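Quick note, the sequences are listed as chains A and B, same order. Numbering-wise (this note's numbering), the first sequence opens with residue 1 and increments by one. Numbering-wise (this note's numbering), the second sequence opens with residue 1 and increments by one.
Keep in mind that the hints were calculated from the coordinates and are not lab data. Owing to the predicted nature of the structure, the values given are computational and were not obtained by experimental measurement. Don't take every hint at face value.
Claimed, not checked - Sample of chain B residues facing chain A (criterion: CB under 7 Å; computed from the structure):
(1) Thr55
(2) Ile59
(3) Val63
(4) Gln69
(5) Ala100
(6) Thr181
(7) Lys182
(8) Gly201
Quick reminder that beta carbons are idealized off the backbone N, C-alpha and C, glycines included.
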Amino acid sequence: MSAPISLAPGGSSSRISARAGLEAATERTRQPIVTGTSVLGIKYKDGVMLAADTLCSYGSMAKYKDARRLTKINDATLLGAGGEYSDFQAITDLLKRNALEDKCTADSLYEEDVNEECAREVWNYLRAVMYNRRNKMNPLWNDLVVAGFSQPAGVGDASADEDKPFLGLVDKIGTTYEDSVIATGFGSYLAIPILREKHREDLEEGEARALLEDCMRVLFYRDCRALNRIQIAKVTKADGVLISEPYEIETSWDSASFVEPKGQLEGDGGW
Amino acid sequence: MSAHASMHAPRSHAAAAAAADPYNLKPGEHSTGTTIMAIPFDGGVVMGADSRTSTGTYIAVRVADKITQVHDRIWICRSGSAADTQALTDYIRHYLSQLAVETGRAPTVKTAAHLMRRMIYENKDNLMAGVIVGGWDVVDGGSVYNIPLGGTMMKMPFALGGSGSTYIWGLVDHKFKEGMTKDEAKALVEKAIAHAMARDGSSGGIIRTVVITEDGCDKEFIPGDKLPYGP
């Protein structure tokens, strides 16, 4: 029985029921095809800063070298994603659609009266979306980093007017947490230890950027799916969301022990 | 390439990437997912390789040396399992040095290649090794032998190997011509490997080259921030 092509998320539901029972339930129904690797985030003095490279891989091939994995959601919120790029595009579309609907159904069309979702609200909404898809065994295959400004939890008291920097993660099965340093993918193994050691809440912008660049450099050295062309993005109270153009970071290959060849007869055979 | 065909390519890529990329290595086993290349010229051979040794998607060694010397003028480019190829080249070194003593002269590249082929072929179920044997000898001058996974041995006008080679067959087919000089051959090796490193996730780092002639072996390297192209 062949089902017609469906525009619903996950396609036609008869696809799942047609498969053998237990196998369908335990089998992941998707695998990532075009993937982005790590995203890093840190809170600093003026706000929050994210970093990601501009590579999307097609299996082991470095296919798309100018992919943008950091995106502005609104003036208070930045979203970065690793994992399946098409799912990230779908999530971006979904958030844009929601924002438009909010704007059109708001009480007032004036800019000043618009109440955009703050970063924490976006983070929480994405948690619900990812968890819901996970329950249908059809996840959006992304690790998301949400950064921006939020009212702190416990809105309602006088101090709640003060926007605080926010940095949180949502993974493909709907796990969420917030912290001053966040990393996805390989970054969680290689960058988090560096960030934990070097991070301070009062980092200047230049220091924060240098720290993130250092981590991206290590990731380029040690992650097969990383590129040395990166973007840095920041959210600040003063300037809102700013995403840099991609640029190349410097790498070092001229240590003496690197230069020295090891394959010759007197050597150890190659390593 | 039809849309249907392209849906299959990433499935095997991604599935293999999940398993350990692209050679189905055992857990923890290191792969020289690689780009290796050799071009003979009149009077010798240029051999080149990238320097990335990966376990899955982690780069275990970013400055590896994949061109291994097995005799005075015979070198082997290694791809596949790092452990398997290191063991094989150790054996070859041992046997070639014995042979040199027994015959009183330097072994030929052909002999080295045949020996390597025998080892890979007879043990094909237990090995994951694709090599390029290249060098100079008095009989054939500069020559290059390609020995891929199953143990086939082919004498070639130029040889490519490793996962990154898929990306540069077109480039090398386009640029290669018979009778190149040493400098032309070296430039092509460096350019092609740089292009492969730019697109293959399992290749990268620096480009190491060895130029082998009657007079000696010249080892060079190009650091990762001065590549002719990319990354």
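Hint check results:
no. : hint   : result
1   : Thr55  : violated, 9 Å
2   : Ile59  : holds, 5 Å
3   : Val63  : holds, 4 Å
4   : Gln69  : holds, 5 Å
5   : Ala100 : violated, 12 Å
6   : Thr181 : violated, 24 Å
7   : Lys182 : violated, 19 Å
8   : Gly201 : holds, 4 Å
In this structure, the earlier hints numbered 1, 5, 6, 7 are contradicted, and the remaining ones agree with it.
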